[in-house]
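K.L.:
Heads up: the protein sequence lines correspond to chains A and B, in order.
Quick note on numbering: the first sequence equals residues 266 to 721 in my numbering.
Quick note on numbering: the second sequence equals residues 266 to 721 in my numbering.
One or more hints might be untrue.
Put simply, identical chains are the same to the list, so a pair is met inside one copy or across any two.
[To be verified] Calculated lysine-lysine pairs in the PhoX-like style (CA-CA distance at most 20 Å, straight line): (1) K337 / K321; (2) K538 / K328; (3) K474 / K366; (4) K537 / K474; (5) K270 / K616; (6) K538 / K616; (7) K474 / K538; (8) K619 / K537.
These are computed hints drawn from the structure, not numbers from a lab.
The structure presented is a predicted model; accordingly, all values stated were derived computationally and were not measured.
Protein chains: 2
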Amino acid sequence: MDTIKAYIEENKQRFLDELFGLLRIPSISSIADHKPDMIKTAEYWRNSLLKAGADKAEVMPTKGNPVVYGEKIIDPKLPTVLVYAHYDVMPVDPIELWKSKPFEPEIRDGKIYARGADDDKGQGFMHAKAFELMVNTNTLPCNVKFMIEGEEEIGSPSLGKWCQDNKKMLKADVILVSDTSMIGKNTPSITIGLRGLAYVEVEVTGPNKDLHSGLFGGAVANPANILARMIASLHDENNRITIPGFYDDVLEVNPDERAEMARAPFNLEEYKKALDINEVHGEAGYTTTERTGIRPTLDVNGIWSGYIGEGAKTVLPSKAYAKISMRLVPNQNHEKIAHLFKKHFESIAPKSVKVKVTPLHGGQGYVAPTNTSAYKAASRAIEDVYGIKPIPFRSGGSIPIISTFEQVLGIKSILLGFGLESDAIHSPNENYPLEQFFKGIEVISLYYKHFAELSK
Amino acid sequence: MDTIKAYIEENKQRFLDELFGLLRIPSISSIADHKPDMIKTAEYWRNSLLKAGADKAEVMPTKGNPVVYGEKIIDPKLPTVLVYAHYDVMPVDPIELWKSKPFEPEIRDGKIYARGADDDKGQGFMHAKAFELMVNTNTLPCNVKFMIEGEEEIGSPSLGKWCQDNKKMLKADVILVSDTSMIGKNTPSITIGLRGLAYVEVEVTGPNKDLHSGLFGGAVANPANILARMIASLHDENNRITIPGFYDDVLEVNPDERAEMARAPFNLEEYKKALDINEVHGEAGYTTTERTGIRPTLDVNGIWSGYIGEGAKTVLPSKAYAKISMRLVPNQNHEKIAHLFKKHFESIAPKSVKVKVTPLHGGQGYVAPTNTSAYKAASRAIEDVYGIKPIPFRSGGSIPIISTFEQVLGIKSILLGFGLESDAIHSPNENYPLEQFFKGIEVISLYYKHFAELSK
Numbered sequence: 266m267d268t269i270k271a272y273i274e275e276n277k278q279r280f281l282d283e284l285f286g287l288l289r290i291p292s293i294s295s296i297a298d299h300k301p302d303m304i305k306t307a308e309y310w311r312n313s314l315l316k317a318g319a320d321k322a323e324v325m326p327t328k329g330n331p332v333v334y335g336e337k338i339i340d341p342k343l344p345t346v347l348v349y350a351h352y353d354v355m356p357v358d359p360i361e362l363w364k365s366k367p368f369e370p371e372i373r374d375g376k377i378y379a380r381g382a383d384d385d386k387g388q389g390f391m392h393a394k395a396f397e398l399m400v401n402t403n404t405l406p407c408n409v410k411f412m413i414e415g416e417e418e419i420g421s422p423s424l425g426k427w428c429q430d431n432k433k434m435l436k437a438d439v440i441l442v443s444d445t446s447m448i449g450k451n452t453p454s455i456t457i458g459l460r461g462l463a464y465v466e467v468e469v470t471g472p473n474k475d476l477h478s479g480l481f482g483g484a485v486a487n488p489a490n491i492l493a494r495m496i497a498s499l500h501d502e503n504n505r506i507t508i509p510g511f512y513d514d515v516l517e518v519n520p521d522e523r524a525e526m527a528r529a530p531f532n533l534e535e536y537k538k539a540l541d542i543n544e545v546h547g548e549a550g551y552t553t554t555e556r557t558g559i560r561p562t563l564d565v566n567g568i569w570s571g572y573i574g575e576g577a578k579t580v581l582p583s584k585a586y587a588k589i590s591m592r593l594v595p596n597q598n599h600e601k602i603a604h605l606f607k608k609h610f611e612s613i614a615p616k617s618v619k620v621k622v623t624p625l626h627g628g629q630g631y632v633a634p635t636n637t638s639a640y641k642a643a644s645r646a647i648e649d650v651y652g653i654k655p656i657p658f659r660s661g662g663s664i665p666i667i668s669t670f671e672q673v674l675g676i677k678s679i680l681l682g683f684g685l686e687s688d689a690i691h692s693p694n695e696n697y698p699l700e701q702f703f704k705g706i707e708v709i710s711l712y713y714k715h716f717a718e719l720s721k
Numbered sequence: 266m267d268t269i270k271a272y273i274e275e276n277k278q279r280f281l282d283e284l285f286g287l288l289r290i291p292s293i294s295s296i297a298d299h300k301p302d303m304i305k306t307a308e309y310w311r312n313s314l315l316k317a318g319a320d321k322a323e324v325m326p327t328k329g330n331p332v333v334y335g336e337k338i339i340d341p342k343l344p345t346v347l348v349y350a351h352y353d354v355m356p357v358d359p360i361e362l363w364k365s366k367p368f369e370p371e372i373r374d375g376k377i378y379a380r381g382a383d384d385d386k387g388q389g390f391m392h393a394k395a396f397e398l399m400v401n402t403n404t405l406p407c408n409v410k411f412m413i414e415g416e417e418e419i420g421s422p423s424l425g426k427w428c429q430d431n432k433k434m435l436k437a438d439v440i441l442v443s444d445t446s447m448i449g450k451n452t453p454s455i456t457i458g459l460r461g462l463a464y465v466e467v468e469v470t471g472p473n474k475d476l477h478s479g480l481f482g483g484a485v486a487n488p489a490n491i492l493a494r495m496i497a498s499l500h501d502e503n504n505r506i507t508i509p510g511f512y513d514d515v516l517e518v519n520p521d522e523r524a525e526m527a528r529a530p531f532n533l534e535e536y537k538k539a540l541d542i543n544e545v546h547g548e549a550g551y552t553t554t555e556r557t558g559i560r561p562t563l564d565v566n567g568i569w570s571g572y573i574g575e576g577a578k579t580v581l582p583s584k585a586y587a588k589i590s591m592r593l594v595p596n597q598n599h600e601k602i603a604h605l606f607k608k609h610f611e612s613i614a615p616k617s618v619k620v621k622v623t624p625l626h627g628g629q630g631y632v633a634p635t636n637t638s639a640y641k642a643a644s645r646a647i648e649d650v651y652g653i654k655p656i657p658f659r660s661g662g663s664i665p666i667i668s669t670f671e672q673v674l675g676i677k678s679i680l681l682g683f684g685l686e687s688d689a690i691h692s693p694n695e696n697y698p699l700e701q702f703f704k705g706i707e708v709i710s711l712y713y714k715h716f717a718e719l720s721k
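Take these sequences, add in the hints, and give me the full structure.
P.N.:
Given below as structure tokens:
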């Protein structure tokens with residue numbers, strides 16, 4: 266452990282310089298204009314892997330953004346860890362709320378501020394540096410493979426096929442992923458559950474052009490009012506989702522498990538204070554942690570219609586749009602849910618409007634067992650560095666590709682995440698504490714040691 | 266009448282050239298950047314009035330955009346007509362739907378295409394040209410005054426005070442306004458009723474920053490979902506507005522009047538076809554014409570929240586906004602209604618969000634009597650030119666300043682409008698048929714003749 270600490274200490278500044286180089290490339294996967302940045306970022310990752318000690322590393326094409334693959338095989342008989350990360354990031358709007366520019370990383374109060382500082386450039390790059398550390402200190406105890414994709418934030422549309430096409434090359438004993446959070450820096454945890462996701466866009470069309478709201482208002486269906494009514498009807502008075510069949514495949518978590526989960530520290534008053542809200546809001550009969558951990562949800566991620574500029578315009582809009590996503594629990598199928606949504610949403614539209622539902626992306630939920638070498642190695646490595654045994658935890662987030670890995674490659678993933686709730690991922694002023702970045706490198710290095718030992 | 270027709274025929278091209286000069290100035294009153302254009306437009310109008318034969322014309326300052334005032338007093342003992350028009354126009358979004366540029370007027374298929382072609386540069390400018398015609402042919406039978414404002418599309422916030430300050434100067438027997446439509450070019454009509462307007466903006470705040478919808482979705486109130494629910498609740502299943510007290514001051518129109526109104530030609534199938542809708546939509550128990558003519562309504566004019574760009578972003582937004590306007594019938598007070606809305610909207614907000622309601626502008630409704638010289642002169646002038654006696658008609662639109670004129674100046678207005686439903690006012694591809702423009706000049710010239718005679 267001293268070797269590890271010493272190596273990190275000596276190379277701190279260089280680690281950060283290299284990460285900043287990665288953060289400076291605006292690799293926003295959901296905006297087509299950024300295509301050249303995606304290639305640049307992939308090449309930056311390939312070079313980083315080669316410099317860190319990979320035997321080979323390459324940028325492999327897909328129908329979408331390329332995947333970076335790298336490996337170091339020290340002995341085919343030893344276990345193999347396959348590292349997954351993503352080099353794409355979320356858009357930056359609302360840009361005016363950023364205190365420093367999203368693609369000009371800077372350190373303030375011990376935190377790195379930049380889009381991707383946590384999700385997932387900061388977290389992903391810890392793996393490159395832990396790998397370099399083990400290679401350079403001659404302590405790498407097993408084989409390592411890397412697959413770094415560029416489409417995670419848009420639902421990994423190409424990676425499933427790429428995995429299928431490269432099944433043999435990707436053979437491994439565990440997939441190691443740092444793309445999640447801990448409950449807190451003094452409450453380390455390991456994510457053992459993820460929610461699935463079904464994301465759709467809806468379009469409601471009223472009249473064939475924008476109309477004067479005085480001359481037509483009250484006589485012609487206003488698609489913005491209708492859309493509001495349709496969205497409102499998707500939840501009942503207990504905040505349960507009203508789509509027929511939506512809960513059919515939800516596995517109820519039994520009372521024992523719920524009691525176990527309830528032992529994770531959670532302070533409702535602090536939670537409300539941090540978000541500046543007077544009350545939480547969710548499905549009746551469940552706690553806040555349960556609402557995000559074990560229950561499916563439906564949220565409007567965006568809505569727009571009519572005149573949204575300065576001042577007043579008396580328009581009866583022709584069209585109204587919304588982006589709506591549903592978080593799913595394991596056993597709910599995202600394609601089935603997207604289909605149920607579409608069927609239901611079309612069925613509740615009044616005849617005075619036309620409705621179009623377009624599924625944008627989706628993925629299945631995931632649960633990982635805790636009685637495996639892969640899990641135990643993670644638990645020990647965290648305990649070594651943080652001095653506390655981590656809590657197994659179900660996250661509300663989704664990494665749809667994790668269940669794809671299981672289906673296609675037959676490999677379970679360990680979600681060894683170091684993010685904190687205050688990192689503001691997907692939001693303005695995304696950040697990642699230096700402390701988590703350096704501790705993460707230490708934990709990852711130790712993970713290899715424990716995993717190799719436990720696998721003997 | 267021959268003199269009138271001959272003068273118009275001789276000067277057609279010049280009339281259009283002058284109107285196009287006016288249409289080329291982008292005088293959008295709701296966008297602060299266009300302030301210099303407002304001044305330019307006011308000066309264009311002043312010069313037009315002087316050239317047309319006004320004794321004097323000036324650009325008079327207000328707290329907002331200036332008012333253009335002009336007059337020609339031929340004999341203080343003769344009746345005086347005060348012409349009202351506005352030189353400001355609506356914004357042009359969505360700009361991509363315009364076939365030609367909104368501020369580069371062009372003629373296609375016998376129509377002038379430009380923002381303001383009808384509302385209200387085209388209609389307003391007919392008065393300048395009718396005035397010029399009467400002056401140059403020595404047929405002006407009474408005194409004429411002009412007040413042309415630049416804030417109609419934002420609710421005329423300065424004109425009430427300006428009228429108050431210039432009461433004596435504005436003394437007149439009738440106010441003549443061309444800012445409304447006819448039922449059709451073969452069904453001429455005169456607007457005798459206008460709806461009032463209460464326009465508000467609402468802001469719903471959930472958490473203090475945009476959140477990751479996976480990590481927080483289902484546990485924290487989503488302001489977009491909440492706003493949808495609040496908006497949906499503003500109408501009941503009969504499409505009646507649910508704000509307590511909203512209908513208290515509505516005067517029900519008696520069955521006889523409704524029967525009289527129902528005689529105006531209206532083809533529901535053509536109406537639906539023109540708007541490409543399968544069904545109309547409105548308050549139960551009323552016809553389409555009644556829904557816009559004699560009933561108050563509530564419409565979302567704009568709504569926005571969260572991510573509205575390309576692709577998918579899994580954000581739980583911090584804020585959601587809507588612009589909401591209510592059209593009111595005579596006897597409903599717009600300030601009272603805005604207050605009732607605010608009180609109600611705040612009361613229905615769940616504790617999990619904060620709500621802010623900002624009234625943006627408003628105005629009272631209006632009804633004009635038909636047994637006056639002012640109305641009869643209009644009816645005769647239209648019959649002279651169109652060969653058909655016009656139908657008195659209640660419009661769904663609002664010109665809030667019309668009721669202010671009555672309150673402040675004690676003068677009733679005659680709404681002598683030549684717009685057609687197909688003019689697409691407030692929408693992309695606003696247009697005004699040349700036929701209506703030239704017929705309008707003829708009708709206005711004859712109006713003066715009849716009004717002077719009937720006033721003897």
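K.L.:
Each hint needs a verdict: does it hold in this structure or not?
P.N.:
Hint check results:
| no. | hint | result |
| --- | --- | --- |
| 1 | K337 / K321 | within (7 Å within a copy, 90 Å between copies) |
| 2 | K538 / K328 | neither (45 Å within a copy, 43 Å between copies) |
| 3 | K474 / K366 | between (39 Å within a copy, 17 Å between copies) |
| 4 | K537 / K474 | between (43 Å within a copy, 12 Å between copies) |
| 5 | K270 / K616 | neither (67 Å within a copy, 49 Å between copies) |
| 6 | K538 / K616 | between (44 Å within a copy, 14 Å between copies) |
| 7 | K474 / K538 | between (45 Å within a copy, 12 Å between copies) |
| 8 | K619 / K537 | between (40 Å within a copy, 13 Å between copies) |
The structure shown violates the earlier hints numbered 2 and 5.
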